[in-house]
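*Asks:* Starting from the two chains in their separate frames, assemble the complex, guided by the hints.
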Amino acid sequence: MAAEIRPKRPFRWHIGIFLAPAVLVYTAIMILPLAGTLQLSLFRNVNESQVFVGLANFRTLFGDPNWSVGFWNALKNNTWFFMIHMLVQNPIGVLLAALLSSPRLRFAAFYRTAIFVPTILSFVIVGFAWKLILSPLWGVAPHLMDLVGLKSLFTPWLGKEQYALTALSLISVWQFVGIPMMLIYAALLSIPEEVIEAAECDGITGLSQFWKIKLPLILPSIGIISILTFVGNFNAFDLIYTAQGALAGPNYSTDILGTFLYRAFFGFQLQVGDPNMGAAIATMMFLIILGGVCVYLFLVQTRLRRYQF
Amino acid sequence: MTTKLLTALLLGTSILGSAGLAHAEDVTLNIESWRGDDLAIWKDKLIPAFEAKNPGIKVVFAPSAPTEYDAALGAKLAAGSAGDLITCRPFDKSLELFKKGNLADLSALPGMENFSPVAKSAWQTDDGKASFCVPMASVIHGFIYNKDAFEKLGIKIPTTRDEFFAALDKIKADGTYIPMAMGTKDLWEAATMGYQNIGPNYWKGEDGRAALIKGDQKLTDKDWVAPYEELAKWKPYLGDGFEAQTYPDSQNLFTLGRAAIYPAGSWEIGLFNTQAQFKMGAFPPPVEKAGDTCYISDHTDIGMGLNAGSKHADAAKTFLSWVASPDFATIYANALPGFFSLNSAPVKMADPLAQEFVSWRGKCKSTIRSTYQILSRGTPNLENETWVESANVINGTDTPEAAAKKLQTGLDSWYKPAK
Numbered sequence: 001m002a003a004e005i006r007p008k009r010p011f012r013w014h015i016g017i018f019l020a021p022a023v024l025v026y027t028a029i030m031i032l033p034l035a036g037t038l039q040l041s042l043f044r045n046v047n048e049s050q051v052f053v054g055l056a057n058f059r060t061l062f063g064d065p066n067w068s069v070g071f072w073n074a075l076k077n078n079t080w081f082f083m084i085h086m087l088v089q090n091p092i093g094v095l096l097a098a099l100l101s102s103p104r105l106r107f108a109a110f111y112r113t114a115i116f117v118p119t120i121l122s123f124v125i126v127g128f129a130w131k132l133i134l135s136p137l138w139g140v141a142p143h144l145m146d147l148v149g150l151k152s153l154f155t156p157w158l159g160k161e162q163y164a165l166t167a168l169s170l171i172s173v174w175q176f177v178g179i180p181m182m183l184i185y186a187a188l189l190s191i192p193e194e195v196i197e198a199a200e201c202d203g204i205t206g207l208s209q210f211w212k213i214k215l216p217l218i219l220p221s222i223g224i225i226s227i228l229t230f231v232g233n234f235n236a237f238d239l240i241y242t243a244q245g246a247l248a249g250p251n252y253s254t255d256i257l258g259t260f261l262y263r264a265f266f267g268f269q270l271q272v273g274d275p276n277m278g279a280a281i282a283t284m285m286f287l288i289i290l291g292g293v294c295v296y297l298f299l300v301q302t303r304l305r306r307y308q309f
Numbered sequence: 310m311t312t313k314l315l316t317a318l319l320l321g322t323s324i325l326g327s328a329g330l331a332h333a334e335d336v337t338l339n340i341e342s343w344r345g346d347d348l349a350i351w352k353d354k355l356i357p358a359f360e361a362k363n364p365g366i367k368v369v370f371a372p373s374a375p376t377e378y379d380a381a382l383g384a385k386l387a388a389g390s391a392g393d394l395i396t397c398r399p400f401d402k403s404l405e406l407f408k409k410g411n412l413a414d415l416s417a418l419p420g421m422e423n424f425s426p427v428a429k430s431a432w433q434t435d436d437g438k439a440s441f442c443v444p445m446a447s448v449i450h451g452f453i454y455n456k457d458a459f460e461k462l463g464i465k466i467p468t469t470r471d472e473f474f475a476a477l478d479k480i481k482a483d484g485t486y487i488p489m490a491m492g493t494k495d496l497w498e499a500a501t502m503g504y505q506n507i508g509p510n511y512w513k514g515e516d517g518r519a520a521l522i523k524g525d526q527k528l529t530d531k532d533w534v535a536p537y538e539e540l541a542k543w544k545p546y547l548g549d550g551f552e553a554q555t556y557p558d559s560q561n562l563f564t565l566g567r568a569a570i571y572p573a574g575s576w577e578i579g580l581f582n583t584q585a586q587f588k589m590g591a592f593p594p595p596v597e598k599a600g601d602t603c604y605i606s607d608h609t610d611i612g613m614g615l616n617a618g619s620k621h622a623d624a625a626k627t628f629l630s631w632v633a634s635p636d637f638a639t640i641y642a643n644a645l646p647g648f649f650s651l652n653s654a655p656v657k658m659a660d661p662l663a664q665e666f667v668s669w670r671g672k673c674k675s676t677i678r679s680t681y682q683i684l685s686r687g688t689p690n691l692e693n694e695t696w697v698e699s700a701n702v703i704n705g706t707d708t709p710e711a712a713a714k715k716l717q718t719g720l721d722s723w724y725k726p727a728k
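From first to last, the protein sequence lines stand for chains A and B.
Here this note's numbering is used: the first residue of the first sequence is 1, the next is one more, and so on.
Here this note's numbering is used: the first residue of the second sequence is 310, the next is one more, and so on.
Treat the hints as calculated values from the structure; they're not laboratory data.
You can take every hint at face value.
Among chain B residues calculated to face chain A with C-beta under 8 angstroms, some are:
hint	residue
1	495
2	548
3	549
4	550
5	553
6	697
In this text, a Cβ means the ideal position worked out from N, Cα and C, and glycines have one as well.
Extracted from the complex, chain B is given alone in its bound form (with noise of 0.2 angstroms):
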């Protein structure tokens, strides 16, 4: 009996299998992601926009938990059942994926010259010679203030640190407001928010980048302390209990309106509209001297690539173009506020916040996470040690010399720069 039921259901199956290859000829791309949050966005917005335009290909989003995503992916790529697009996590992940054979080299293809060196340089080979993944966003580092509490204190929005600092003081002195809120409880704040906001500024961006990863300057340079120094005189203008305030903490003391300014992330804009009651506004990291060259951390967080074992792989070259193009663009960044494209070409985009900080790239120069690309490659790691580093900095138990120097030896014990 149940035999025949299998049986019968098997038939049928395969019946309505057949049925559905022999009425189209439409080729399937199945794009693996661990951004479910993004499903809706894509299923409304992003595919129907590409099937418009590309008629015989239809695109699936298939995403897996973030947790599970890059487990899952190694499975199904061993067991060749991974789908034709795999979204790219930065750096090292992507890499390995590349060098296993698993991600196609994507350097020839049309639409990549839409994009910068900086851009790329997530889903790159260390010789930045192949490129394996279409960059689709970043996330920029800056400071999102309370519009209301700086016109109540007649504050002009700083734009070198003695008027940054100068602007902390008066709302101390004021005192109706935390003037910053960050906490180290949870340590990637201070590195993130803090270290990897301002330090661009101090070390130059790629240049001081590139330089500590050939080995041309050192953790201990002043370069690289400075952003410590000033770390460290963050201190006083932080709420009470900071070192016990956790990063959803921070997060709820801005939205209440109960601090001033709060370091950021471009990724807080679409909660902070829903929940802030004020208006915000947002500037990039003070320069010392005004007119200096500004540089802001525009760190490249999720990008897409191509299945080496793609049976489609003229359709998802053809998607990638697309993905690569200003059209989706647009469409992704007005979706998802915070994450900015990107694409050389400018993106018009709706949200007044997200504009403000997309506008600094015009005027200032990008970077990445200085941590992030070869240098947390081995034990101990430098990314991780940043942060507890960089919690110990604000918190006052290591000065800022110790901390660098720790870092760099940390370095030291298993990076060999190459000559």
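So that you can see chain A by itself, here it is in the shape it has in the complex (with noise of 0.2 angstroms):
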């Protein structure tokens, strides 16, 4: 019997056509402008002209003590920023979406709303509203802390080296706590009834319900919780920059990348712009986020149990 010819499939087309859209929207709006900014860090200018010059961006950022000492206190702070995230913002999180999906609690959607609003408002409003509350002079804080018999607690804390700028991570986890409970909340929610009530006959009940059942369950949720903070923290740039402007005082104390790589990019005052040294930074920024969402991807969500129900 002869082998059967196998009809030539014919090209599938359309798998290109449906994808157009979305690679070239992206392309234009991410991926060029990637590629622009990794070019122009490998240039210089020199007598009003690009030159080509290889890593010598990189060497001045990383050799040169007047910018490396500056980078490396942007990526400490940066550091300290993400880790107040790590351990503040998102085991409140989790405990909210906990407390909110308890079913004896009652205005859960009043709480919801209440605790997700400032995630929806300006860095702006943030920066300046708290800047007022924590003014030395006309804030609530120091009058609260009066009342209450702790005044000597008060310290102008923005304008303190040693507390500026987790004062500004508490400020932002303020803002953002509402992201991690919203997730943790939906997770909790779509667990299975049966799975709790078999839980339940099998005496797991409250908190150890909790730390077994529940947990597990979420634990997907809250690596992706995770790796969100991550590359937000380190593009973070608006808070510090209306809070405590774009010299990040007190003496670079609330310097983070980004205000870094603003002042370097854009130049301030008197210090004028220098694009190649700022896309340089731009891309150890990328890379450093490149990075983390690597180690996250390969080691951290390849090892996580998933559930199917």
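*Replies:* Structure (structure tokens):
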């Protein structure tokens, strides 16, 4: 019997056509600018013209103490900024979600909305409002603390080197705690009743039910939140800029990669902007975030167990 | 249909346009500026005054937003569509335009002789040979004080540093007023109203500034560290929580009458006059001993130059000569109290506070902020670092010596003075 000749599959044009809009838009507004930034970081302005200099900008960034000190300081501050979010924002988010999903809680919808509202506020409003709240002159914070006899604990947090960054991180936590709360809340709601009932039949209730049943089921969501926090924090800029200005005072103690990039790229006051060094810093930010996301994807995500119901 | 309409419109405009040309032989000059705030003053006062004297020349003031000005101007100059007259930022930004050939050399312009070398320094080549903008206005630093408070406490205007600190001590002991309204949150207050305000008395104004640029003096020298030592002494006299006090906070603290002394720039006069409910006075930075020569920061802030590509260069030069005249200076300085004419001819001003400020020019020597010319071209930027270090010194997180050393090390890393 002669071998059956397999009919040649026609080329599937429709796949390309359906993908095209997304690919084109994504290329135009994401990939091209990114490639442009990478390219810019390899050039330098010499006598009014762009000259290819290889990795010289990166050598300056890491070798010249005028740049490297600022860069490491910004990276260190950024890491602290991220750690506060991981240690404060996400646990509080999980806690709030757990409380909200409790069937005995009344006015859950109200709390949910109230806690989520700051997230949709503009950074400018948040920065300005907190600057006023914490103002030693007319702020409500010193006044309220005075009422409960804790005035002595008040210091001008935003103006002190040792506290400013932590204070700003906590402001950011206040603003964004709604996001982990919402995501975890959704994950908690999607746990099927049968699983919970089965746990109850086995005598697992209350806190141990949360630790042993619910938490493992929402771990993938917590992973996603962590990576969102990581990307968001290492791209952060707005809050520091609105609250502390581009010089991220006092004494650069609140300087994060975003503000460092801003000063290098656009310049500030008498400082003239240097787009090439700015692009080099932006490239480093890209690599740091890329590295963090890769670590998550290849080391964490693949080990997370998923449960199918 | 639409094409027809468009054609008709285009035809209409071209006819109207040529009709306008046929009518008037007038030359129209356009002024580029970032001072949108001054639009009314130009339109209602300055331009009519000029046009009345110079028939045949029309002037249009066309400002753009301050944040967009430099970029927009650059683009317009490149495209050849920029106005004939260009409002000049001080120092490097205008120097760059001159080097690119966008601004014409005005060294020989009639009227330039009305300005002192300090006034012209902001718009000159580094060697001082070519000037390219007519200086328009400057701001002067000093201290504004609450007259009522001084009278109540029986304090005389301090002229020496000892008197100054004695006055601060007295205000502090009394407790009604915060002795001095200044914060370090925004950093620049500490540098501009602090270091650059009291500094010229120590480094002897222009002498010190020129020596610093030449490399004969260093920021670690006694004359440059001493202002930091004085700033460090200010700390106890500032309000509670001054570390988080912003610039608007300081302004409000003073205009609400809660503080007695405000380290100031003269640009505050306009706002303070409308907000403060008490009488105000001003005094220049106190000197060491009575009778010492005093120095003030009389910082050049705004000027006007000629677009090298202008088609009406002669008319524009006529206008610039007028800008350089005492007539212009009088109108401008009175319309904007606190922005002082740089003209050598004395200008009569109605505002008493502005008069007080400008009277110091007669008894003190003028200089500009030390970091602005040449020294802020590299990385790290000396001006920005001065902000940070001045705030550090007042906050007490850096000693004066450490701050000066940081600044000099940063400057040395890129600046090699011409020997």
